[in-house]
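Peer 1: Single-letter residue listing:
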Amino acid sequence: MSSTSTAGAPRHGALRRTPSGLLQDWLPRIVVAPSLVVSLVFVYGFMLWTFVLSLTNSRMLPSYDFIGFAQYARLMENERWWVASTNLVVFGGLFVALCLFLGVVLAILLDQRIRQEGALRTIYLYPMALSFIVTGVVWKWLLNPSLGIEAMVQGWGFETFSFDWLVDPNMAIYTLVIAAVWQASGFVMALFLAGLRGVDDSILKAAQLDGASLPRIYWRVVMPCLRPVLFSAVMILAHIAIKSFDLVMALTGGGPGYATDLPATFMYTHTFSRAQIGLGSASAMLMLGGVLAILIPYLYCELRGRKHG
Amino acid sequence: MTMLASKRLWLAVLAWGITLVMFFPIFWMFLTGFKTEAAAVATPSLFFSPTLESYMAVLERTDYLKFAINSVIMAFGSTALALLIAVPCAYSMAFLPTPRTKGTLLWMLSTKMLPPVGVLMPIYLIFRDTGLLDSQLGLVIVYTLMNLPIVVWMLYTFFKDLPKDILEAGRMDGAGTSQEIIYLLLPLTLPGIASTGLLAIILSWNEAFWSLNLTSYDAAPLTAFIASFSSPEGLFWAKLSAASTMAIAPILVFGWLSQKQLVRGLTFGAVK
Chain A
1 MSSTSTAGAP
11 RHGALRRTPS
21 GLLQDWLPRI
31 VVAPSLVVSL
41 VFVYGFMLWT
51 FVLSLTNSRM
61 LPSYDFIGFA
71 QYARLMENER
81 WWVASTNLVV
91 FGGLFVALCL
101 FLGVVLAILL
111 DQRIRQEGAL
121 RTIYLYPMAL
131 SFIVTGVVWK
141 WLLNPSLGIE
151 AMVQGWGFET
161 FSFDWLVDPN
171 MAIYTLVIAA
181 VWQASGFVMA
191 LFLAGLRGVD
201 DSILKAAQLD
211 GASLPRIYWR
221 VVMPCLRPVL
231 FSAVMILAHI
241 AIKSFDLVMA
251 LTGGGPGYAT
261 DLPATFMYTH
271 TFSRAQIGLG
281 SASAMLMLGG
291 VLAILIPYLY
301 CELRGRKHG
Chain B
1 MTMLASKRLW
11 LAVLAWGITL
21 VMFFPIFWMF
31 LTGFKTEAAA
41 VATPSLFFSP
51 TLESYMAVLE
61 RTDYLKFAIN
71 SVIMAFGSTA
81 LALLIAVPCA
91 YSMAFLPTPR
101 TKGTLLWMLS
111 TKMLPPVGVL
121 MPIYLIFRDT
131 GLLDSQLGLV
141 IVYTLMNLPI
151 VVWMLYTFFK
161 DLPKDILEAG
171 RMDGAGTSQE
181 IIYLLLPLTL
191 PGIASTGLLA
201 IILSWNEAFW
211 SLNLTSYDAA
221 PLTAFIASFS
231 SPEGLFWAKL
241 SAASTMAIAP
251 ILVFGWLSQK
261 QLVRGLTFGA
271 VK
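Same order as they appear, the protein sequences are chains A and B. First residue of the first sequence? That's 1 in the UniProt record's numbering, and the numbers climb one at a time after it. First residue of the second sequence? That's 1 in the UniProt record's numbering, and the numbers climb one at a time after it.
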């Protein structure tokens with residue numbers, strides 16, 4: 001306090017430099033702060049708010065009458081919620097596994113010094129640069145029994161060919177997998193290709209001299225080197241799977257019936273079309289809990305393993 | 001030798017075959033846009049007389065241009081805003097790191113792993129009360145927030161690779177802060193900032209979760225338009241294809257012109 005009161009009197013030198021010196025010290029933190037604060041408030045702060053809403057009986061408008069965990073209990077009894085959650089597990093699991101498999105295969109293929117590799121790489125990556133909405137539109141067309149692939153193959157003379165997953169409640173969820181894998185596998189390829197190029201050639205030469213076959217070299221020697229790449233690929237793919245919303249909206253709209261609902265579309269329907277803010281918030285929180293339950297152990301293992309390795 | 005050459009040929013054929021499969025859906029959509037509605041639902045065929053009918057119909061009978069302008073405003077507005085906030089932040093993290101810099105970065109990135117539905121409700125409520133619902137400003141804000149962690153992260157990886165000696169040399173020669181920024185930093189960092197900006201533009205351009213939830217008509221971008229086009233009027237395939245082709249054309253052109261940055265951007269800087 002006393003220093004501020006004397007600051008009114010101009011004492012040259014020391015005091016004039018102090019503010020700018022202070023600024024020099026604090027400027028780095030001042031410019032970092034907005035980004036950090038904004039992203040933390042935007043995500044963690046608002047999630048807390050969603051949690052509060054999930055404990056209330058809000059319907060059309062948010063109300064703050066707390067009813068404990070009643071919304072969660074309602075959710076547990078909701079059959080549609082279980083369909084949506086199961087779908088996310090099926091979709092997410094298949095999506096991540098197939099993308100990784102195709103991505104690795106494509107990367108190994110392109111690693112064989114194929115001509116025009118740059119052009120091929122870009123074309124493989126193109127789907128990833130598209131909006132999921134457009135992907136949904138394209139595949140809706142291709143998977144439409146009377147217009148797309150089915151009609152095309154039948155037109156070639158295979159009259160009995162049938163491919164109607166899009167309208168089959170039991171199979172429709174796999175159409176989402178097809179479209180999403182088409183969109184993202186080129187991206188996984190790019191990740192792994194970069195990783196492959198980073199593997200030391202001398203290791204490969206040594207393995208070849210020892211007489212190991214090519215598949216064996218890739219499986220035993222190269223893949224273990226790519227653990228960090230695998231880690232980031234899984235993280236990014238899981239992230240894409242969890243936030244899948246637009247693809248469902250564009251490709252199936254959650255249908256037939258609610259056969260392809262995912263938690264995100266479940267929440268959308270209940271919050272906006274059915275005015276169940278409380279229930280919708282509870283579903284968002286459960287989804288969040290599921291994500292954390294998967295991510296935190298994985299992150300923990302990976303980061304710990306890396307420190308020791 | 002001949003064994004090797006034939007193997008090589010097979011691999012090339014295989015790679016191009018896969019390329020065809022990957023590119024076919026986009027190509028098919030492109031073709032369908034030039035068909036008449038009747039030809040679009042007829043037995044699929046490569047041979048037809050191309051027409052601009054569907055493009056004309058989309059441009060004349062819908063507010064396509066308005067939605068396109070919305071997309072442009074939001075993509076560029078949010079990217080400019082995000083860069084404005086993120087460049088000083090990433091600069092400070094890369095050049096003046098503190099012990100907590102890594103942790104700060106990880107916290108920021110962690111927000112990208114969580115599903116956006118978790119924060120949809122509060123944002124919807126705030127937007128409703130402040131009149132930002134279905135407004136361009138509202139979506140610009142949301143897109144900025146959405147992309148900020150990735151933009152900071154990418155800029156950080158670019159800035160970290162810059163040679164720090166140059167800056168020190170400049171300081172030794174008595175360059176002031178403003179000179180340092182204009183003559184040294186700007187030329188060095190511009191490529192990184194440009195490709196980060198490109199990625200942010202693509203991400204905003206493609207975004208659909210927020211645009212579907214927070215806009216209805218006035219501020220709807222192309223993604224929301226195409227989504228709404230596809231549900232009630234699902235039978236107008238040629239027009240839908242024409243509209244979609246126009247919506248992705250800028251991205252495909254951008255992508256071809258900047259292949260390297262696109263790869264780096266989409267892989268979050270993992271591929272250089």
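Be aware that one or more of the hints could be misleading.
What follows is a set of in silico ranges between Cβ atoms, one per label pair, in the way DEER data are often shown [to be verified]:
| id | chain 1 | residue 1 | chain 2 | residue 2 | range |
| --- | --- | --- | --- | --- | --- |
| 1 | A | S273 | B | L9 | 39 to 49 Å |
| 2 | A | R220 | B | T98 | 41 to 51 Å |
| 3 | A | L40 | B | K7 | 17 to 27 Å |
Calculated Cβ distances over 10 Å to all of chain B for the following chain A residues [said to hold, decoys possible]:
| id | residue |
| --- | --- |
| 4 | L55 |
| 5 | P145 |
| 6 | D201 |
| 7 | G211 |
| 8 | M249 |
Quick caveat, the hints were computed from the structure, so don't treat them as lab data. Each residue gets a CB set at the ideal place from its N, CA and C atoms; glycine is no exception.
Peer 1: Is 41 to 51 Å a correct range for the gap between the Cβ atoms of R220(A) and T98(B)?
Peer 2: holds (42 Å)
Peer 1: Does D201(A) clear chain B by more than 10 Å, comparing its Cβ with all Cβ atoms of that chain?
Peer 2: holds (18 Å)
Peer 1: According to the definition I'm using, a residue is off the interface if its beta carbon is farther than 10 Å from all beta carbons of the partner; does M249(A) meet that for chain B?
Peer 2: Non-interface label fails for M249(A): nearest chain B Cβ at 6 Å, not farther than 10 Å.
Peer 1: Would you check whether the claim that P145(A) is not at the interface survives, using Cβ distances to chain B and the 10 Å cut-off?
Peer 2: holds (12 Å)
Peer 1: Go ahead and decide if the range 39 to 49 Å is satisfied by the Cβ distance of S273(A) to L9(B).
Peer 2: Violated: the Cβ-Cβ distance is about 56 Å, outside 39 to 49 Å.
Peer 1: Taking the minimum C-beta separation from G211(A) to chain B, is that value above 10 Å?
Peer 2: Consistent with the label, G211(A) stays out of reach of chain B, its closest Cβ about 18 Å off (over 10 Å).
Peer 1: Classify the label on L55(A) as holds or violated, using whether its beta-carbon is more than 10 Å from each beta-carbon of chain B.
Peer 2: Check passes; 13 Å lies beyond 10 Å.
Peer 1: Between L40(A) and K7(B), does the C-beta distance stay in 17 to 27 Å?
Peer 2: With Cβ atoms ~54 Å apart, the hint is violated.
Violated hints, listed in ascending order, are 1, 3, 8; each of the other numbered hints is respected by the structure.
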